[in-house]
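Please model the entire structure based on the sequences and the hints provided.
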Amino acid sequence: MEIQLSDHFTYKKLIKFVLPSIVMMIFTSIYGVVDGLFVSNFAGKTAFAAINLIMPILMGLSALGFMIGTGGSAIVATTLGEGKKEKANEYFSMLVYVTIIGGIAVSLLGMILIRPIAVMLGAAGELLSDCVLYGRITFISFPAFMLQNVFQSFFVAAQKPKLGLKVIIVAGVTNMVLDYLFVGCLGFGIAGAAVATVCGEFIGGLFPIFYFARKNSSLLKLGRPSFDSRILLKTCSNGASEFMTNLSSSVVNSLYNLQLMKVAGENGVAAYGSIMYANFIFIAIFIGYSIGSAPIVSYHYGAGNHSELKNMFKKSLRLIGIWGIGLFVFSQVITTPLAKLFVGYDAELFEMTRHGFRIYFISFLINGFNIYGSAFFTALNNGMISAAISFLRTLLFQMAAVLILPVFFGVNGIWSAVTVAELCTLFMTAAFFIRQRKKYHYM
Numbered sequence: 005m006e007i008q009l010s011d012h013f014t015y016k017k018l019i020k021f022v023l024p025s026i027v028m029m030i031f032t033s034i035y036g037v038v039d040g041l042f043v044s045n046f047a048g049k050t051a052f053a054a055i056n057l058i059m060p061i062l063m064g065l066s067a068l069g070f071m072i073g074t075g076g077s078a079i080v081a082t083t084l085g086e087g088k089k090e091k092a093n094e095y096f097s098m099l100v101y102v103t104i105i106g107g108i109a110v111s112l113l114g115m116i117l118i119r120p121i122a123v124m125l126g127a128a129g130e131l132l133s134d135c136v137l138y139g140r141i142t143f144i145s146f147p148a149f150m151l152q153n154v155f156q157s158f159f160v161a162a163q164k165p166k167l168g169l170k171v172i173i174v175a176g177v178t179n180m181v182l183d184y185l186f187v188g189c190l191g192f193g194i195a196g197a198a199v200a201t202v203c204g205e206f207i208g209g210l211f212p213i214f215y216f217a218r219k220n221s222s223l224l225k226l227g228r229p230s231f232d233s234r235i236l237l238k239t240c241s242n243g244a245s246e247f248m249t250n251l252s253s254s255v256v257n258s259l260y261n262l263q264l265m266k267v268a269g270e271n272g273v274a275a276y277g278s279i280m281y282a283n284f285i286f287i288a289i290f291i292g293y294s295i296g297s298a299p300i301v302s303y304h305y306g307a308g309n310h311s312e313l314k315n316m317f318k319k320s321l322r323l324i325g326i327w328g329i330g331l332f333v334f335s336q337v338i339t340t341p342l343a344k345l346f347v348g349y350d351a352e353l354f355e356m357t358r359h360g361f362r363i364y365f366i367s368f369l370i371n372g373f374n375i376y377g378s379a380f381f382t383a384l385n386n387g388m389i390s391a392a393i394s395f396l397r398t399l400l401f402q403m404a405a406v407l408i409l410p411v412f413f414g415v416n417g418i419w420s421a422v423t424v425a426e427l428c429t430l431f432m433t434a435a436f437f438i439r440q441r442k443k444y445h446y447m
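Taking my numbering, the leading residue of the sequence shown gets 5, the next gets one more, and so forth.
Each hint can be trusted.
Each computed DSS-like pair below joins lysine-lysine, with the alpha-carbon atoms no more than 25 Å apart:
id: 1; residue 1: K89; residue 2: K219
id: 2; residue 1: K17; residue 2: K319
id: 3; residue 1: K91; residue 2: K219
id: 4; residue 1: K318; residue 2: K20
id: 5; residue 1: K166; residue 2: K17
id: 6; residue 1: K442; residue 2: K314
id: 7; residue 1: K91; residue 2: K238
id: 8; residue 1: K319; residue 2: K442
id: 9; residue 1: K225; residue 2: K238
id: 10; residue 1: K88; residue 2: K238
id: 11; residue 1: K443; residue 2: K314
id: 12; residue 1: K170; residue 2: K16
id: 13; residue 1: K166; residue 2: K225
id: 14; residue 1: K170; residue 2: K225
id: 15; residue 1: K166; residue 2: K319
id: 16; residue 1: K318; residue 2: K443
id: 17; residue 1: K225; residue 2: K88
id: 18; residue 1: K170; residue 2: K17
id: 19; residue 1: K16; residue 2: K314
id: 20; residue 1: K442; residue 2: K238
id: 21; residue 1: K319; residue 2: K20
id: 22; residue 1: K166; residue 2: K16
id: 23; residue 1: K238; residue 2: K443
id: 24; residue 1: K238; residue 2: K89
id: 25; residue 1: K89; residue 2: K166
id: 26; residue 1: K170; residue 2: K219
id: 27; residue 1: K17; residue 2: K318
id: 28; residue 1: K20; residue 2: K166
id: 29; residue 1: K20; residue 2: K314
id: 30; residue 1: K219; residue 2: K166
id: 31; residue 1: K319; residue 2: K443
id: 32; residue 1: K20; residue 2: K170
id: 33; residue 1: K16; residue 2: K319
id: 34; residue 1: K225; residue 2: K89
id: 35; residue 1: K16; residue 2: K318
id: 36; residue 1: K225; residue 2: K91
id: 37; residue 1: K88; residue 2: K219
id: 38; residue 1: K318; residue 2: K442
Since the hints were derived computationally from the structure, they do not count as laboratory data. Note that the structure is a prediction, hence the values are computed from the model and not measured.
Structure representation (structure tokens):
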């Protein structure tokens with residue numbers, strides 16, 4: 005028997021329900037990681053540095069998909085909780101079509117602007133050529149990538165998280181196999197990695213359209229939309245935190261790269277790329293949990309079930325705390341093999357990367373609470389507080405830390421900036437939780 009959003013969630017049932025979303029996020033993260041691994045080991049550190057310079061731009065633009073997915077799924081799940089299934093399907097259809105149109109527009113602009121953006125980030129010579137080549141190829145599948153991000157949330161709202169997981173696994177395996185073939189066997193270098201990513205993203209973005217467009221057993225069906233500018237604006241407002249998180253991460257990651265180019269040169273950028281790839285996979289656990297649990301919160305909020313909101317809030321904080329400690333310990337144990345996996349071919353780069361891992365991964369003790377806090381308020385349709393947490397976490401505090409700390413601590417200041425920013429944000433997240441508890445009745 006499938007788990008329903010209206011159920012009472014024990015720890016076992018909650019973990020079982022969110023697990024597909026967690027694994028789905030891990031496989032999504034693997035796209036970029038596999039590209040990085042193959043390019044670093046088979047095409048060299050210049051090509052690897054090129055991907056690291058361009059990746060923040062791609063991730064920042066993909067924020068539009070996360071915004072529509074998380075903001076829209078909260079509205080759709082709340083509408084389902086109110087018993088308005090037909091209206092929920094109209095909202096769902098409208099948001100999918102808007103994503104397609106927006107994705108095509110961003111794709112065309114990206115292909116045109118990728119060269120001046122790469123120059124602005126400091127790329128020149130061979131590094132610039134690699135940046136432009138990788139960027140233009142990957143922008144081909146950008147509409148599908150946006151759809152993939154949108155459907156990650158809507159599969160959960162449709163009570164089909166396992167199907168969403170299967171789609172992402174197939175897309176992820178496709179990407180990995182083609183990376184091995186194009187980069188490892190045929191020697192196509194950075195272009196081969198880009199084509200592998202494009203193929204994986206088309207699978208992840210287009211299959212859900214075929215599924216939801218036909219008669220299916222989920223709560224949602226793609227059909228004739230009813231354009232509602234109010235709902236579209238509410239979706240953007242509600243998902244503003246996820247948009248802010250991804251866009252801010254893009255800006256901050258670019259700032260990290262600029263600072264590292266000054267302090268440590270090309271090796272610093274390559275080391276930071278390794279750290280980011282590993283970080284994507286680790287925090288995917290927190291992001292996946294937040295995506296998977298959000299529709300439950302939205303449903304019970306729409307239904308007025310305060311006892312279930314309290315149940316979800318309490319269990320979620322406990323799980324995130326346990327996972328945070330576990331991730332920290334595990335990450336510290338595997339720093340050496342992890343660094344070897346990415347940059348074992350260069351002794352100096354290996355030492356810099358391993359040292360950076362040890363400092364940067366301290367943040368796992370804290371960041372899960374902030375990620376969940378932002379997603380929790382999105383699920384409650386409070387986009388303002390959610391966006392505020394994201395703005396503080398991913399932009400304001402991180403920018404301040406990465407600009408100030410290197411002045412006193414050099415490259416160690418850059419590696420520790422994220423932990424300082426997460427700690428500052430944690431105090432604000434706790435304050436929001438306490439202040440809003442009477443309004444939403446989750447404590």
